[in-house]
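Chemist: One letter stands for each residue in the lines below.
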Amino acid sequence: MPAVSKGDGMRGLAVFISDIRNCKSKEAEIKRINKELANIRSKFKGDKALDGYSKKKYVCKLLFIFLLGHDIDFGHMEAVNLLSSNRYTEKQIGYLFISVLVNSNSELIRLINNGIKNDLASRNPTFMNLALHCIANVGSREMAEAFTADIPKILVAGDTMDSVKQSAALCLLRLNRTSPDLVPMGEWTSRVVHLLNDQHLGVVTAATSLITTLAQKNPEEFKTSVSLAVSRLSRIVTSASTDLQDYTYYFVPAPWLSVKLLRLLQCYPPPEEGAVRGRLTECLETILNKAQEPPKSKKVQHSNAKNAVLFEAISLIIHHDSEPNLLVRACNQLGQFLQHRETNLRYLALESMCTLASSEFSHEAVKTHIETVINALKTERDVSVRQRAVDLLYAMCDRSNAQQIVAEMLNYLETADYSIREEIVLKVAILAEKYAVDYTWYVDTILNLIRIAGDYVSEEVWYRVIQIVINRDDVQGYSAKTVFEALQAPACHENLVKVGGYILGEFGNLIAGDPRSSPLIQFNLLHSKFHLCSVPTRALLLSTYIKFVNLFPEIKATIQDVLRSDSQLRNADVELQQRAVEYLRLSCIASTDILATVLEEMPPFPERESSILTKLKKKKGPGKVPDMEETKKERNSDMNGSTEPVSVNSSAVTMSTPSSSTDLLGLGLAPVLNSVAPASAGGSLLVDVFSDNSPAVASLAPSAEENFSSPRIGSTDVVSDDPAAAVHDADELVNKFVCKNNGVLFENQLMQIGLKSEFRQNLGRMYIFYGNKTSTQFLSFSTAVICQDALKTQLNIQTKQVDPAVDGGAQVQQILNIECVSDFVEAPILNIQFRYGGALQNMSVKLPVTLNKFFQPTEMTSQDFFQRWKQLSIPQQEVQKIFKAKHPMDTEVTKAKIIGFGVALLDMVDPNPSNFTGAGVIHTKNIQVGCLLRLEPNTQAQMYRLTLRTSRETVSQRLCELLSEQF
Amino acid sequence: MIKFFLMVNKQGQTRLSKYFEHVEIHKRTSLEADVIKSCLSRTKDECSFVEYKDFKLVYRQYAALFIVIGVDEAENELAVYELVHNFVEVLDKYFSRVSELDIMFNLDKVHIILDEMILNGHIVETNKSRILAPLLVLDKMVES
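Chains as they are written, first to last, in the working numbering: chain R, 1 to 967; chain F, 1 to 144.
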């Protein structure tokens, strides 16, 4: 090796770097850098031509400055000049600058491409390599366009140097990444596959990366790579430790290449051909055997390299999941690593074993390591290792060890790192439910969870425990007793108050026989917590109290006193106040029968996927929760096997909004309350009770229960979490589309609804695009367009049903044909229902079909305009509105909006040039209505005056409402 | 694939950075600060792989210098861990006992070495003599 002197003789660079190192403050550093930048800039701009050495020095300085986090906005031209030089040293530094500093959208690419083109044609391997490195590093689309044709040729040409082939392989991979459409598959693919046979291991290393990526996209096309990869791997693992010379690393033959080949094989199922399969099994066995041999070196590098290959082999064994013998051996090997002194190995073994646990062949073998894993949970010093241990315990859990694992996790939870507590809570909740034979154990576990880590118990968890208690009458009494006891603790978590309040409100009567938990004691116990709780919890407790009125008539007076107190009736929080007022009134007026109906016990919840699982999935991503599907299946069978079929009671069927009957605990409540269907609006709920109308009462019972489950909790945070609940106050949406026809109508976590529409005279066509944003299929997808009341006769809307299944990531289109029969005010409602992960989702949005869509613009002269204006002089024909500007008053924007509204914008009509006038005709099937409008802005006051004259009063009114919201 | 390659000293100063996916410069500085923080705070008992956002960091310490590599789930952690060591051995061979200063003053050369080993986020060469070959040609030209 040449002795390399510090700075390689570049004194200027050395001085600059030591200056920077000596800077005492960030300011001083920036000052020094700016000085240097100015210096370099002037050197570059100066008349004196710089020699190669100076250019190189300055580029090095710029690289250093860039590394310190300062953007470099000059020097690029100089770099391009350097890379076009014929001197290797200059060319090299030019390419370096470009690779580090130029991103793929730079305007310089064309110039750079020129240089690259020359170098690729130069047949000088060193130059070709530089050019290929540059493409592999920058890889813009423009580069792809320029070079996709050349690079495959270079890669497979017989006379290409090995090192150039290597660069070309990665270069092609890059182009495939940036512009897959430009890289043609074809005759070169089979030749690329044969690079796996290349004599040179460097070429094989590069080619394997390329083939793996391509095979992931086109497995069929690269299928032949399997047998070649197996035979290459076999030659490597059986070679003596010195055979591969420089590719042997600490006595391990070609470890990185082995890992890559094993990765490539993971793109495919086990080889079908017997011979190949046998050879691969041999390889894997050899790798497992080597792990048991005494190490050839004490160096950690040796064991690391060996184990890198071993872990990859185990991944392949797990991926194939077909050879029980290998799976068990893999498991035993990992078991050894679980107790290894190297933390890295313990971590990787836990991670790897987690996937092994989901294989039926090795699940039992994994379970034998339970004590070691529990021990890891207690003794590991690294939180990420403990996290892996939790994951593994979760994965290896089944009915035989659930009690032990849940107990250990609860134990660990007391001291667990804050960062992973929530996840552990979710896991414990899921396991406790999934493997509960005895549901009293489940209830105890969840209450323990709340006690130990109440702050980390998300709403899904306590919703779920209530859902289960409601559905299983064998634990209701036990639950009531247990929560009652838990609430005795002087300081208990608010989540416990919620669960306690809910359960006692439903089942407090089951323990009321015991004098120690008499109705009054129950009530006093709950009420003693009331003032320490947040508003949502208090709201829930108020609902418990009204339930108590029904359950325990003997304490009605006490409860009424509480509701009547100023702190309730005049509470500053409007929700609490409203509940207190309404419940008090209900308790005073309603007869016992009506009370019993309204406050009836909750009907069982329809079975569906636990929202806890959904939450855990969201936290971890599907890959990390390996046995999700199985979990789901098993839980369902649990529920169905041991309870009577869930019978939704008749009153639930009459519920106003379908989603609310399936949603637990307020998840679906906000929509009920804010729903577009006025009949189910929360405000009218109790009023209707007094109407003595028995069907109304029947339909209200479940709503009252829904109400009981604290709707306002839902309206703040749950709705955003649970898209099922979305119903949209639509006027805002409709307003958004008054002056435009296309856009996104609605979007939540699950789906996006896009719109495109066109209107002509009294006809319109609307394209609705439903996009599934999840990776899960929507089932039973159906939509309905509802025209309510008068709208039925005013609009005719026809459509075909869409396909009931919408694949994850897919979009379906629905076309609405719309005919306007007569003028109208309300908007049609689009109702969408589908099942997602077992839960019924229901949402409604107003469709932006507004009267102005049926405008045809009419051009007219000033004279005509005023003549007609005068003709429409009956007071009812004119509507005028003066309103404040909501947006900046921009003339051009206003003009665009008026045109978008559908009328012709008439220039030079109004004597005052700052006013806007427009004219158009509304087309309906029955009549046509001419319309003139005038908008007068007053910029000083930031006000507008809008005047509309049409021959029909209702049309004038409606158009005025619509247009006045736009400015 | 490998997302980025960082060399950082104990004071948290970046000495070399190479990104295999484009990252805006102002995001680089905050990413680097974040990454360094999560590696520097770890003890010897803790493992060398850190989960960070949607990828993993593999890091290794040499005296006062940390090498941190960001990888996605398609990489084998131990293989990347040893790649770091192989890289350091190449530097050692070229600079004969490499130091932080060597890296600072020969940024261009370190980049050449890295380019020979990792291209487009994939390991392309592991053989030390072949990695150093282009650099030796370059040195010869400078001498003559």
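Keep in mind that a hint or two might mislead.
As the list claims (entries may be wrong) - Calculated pairs, DSS-like style, for lysine-lysine (alpha carbon to alpha carbon, straight line, at most 25 Å):
| id | chain 1 | residue 1 | chain 2 | residue 2 |
| --- | --- | --- | --- | --- |
| 1 | R | 217 | F | 56 |
| 2 | F | 44 | F | 27 |
| 3 | F | 37 | R | 24 |
The hints are simulated quantities; they were obtained by calculation from the structure and are not laboratory data.
Chemist: Could you work out which earlier hints the structure fails to respect and list their numbers in ascending sequence?
Modeler: 2
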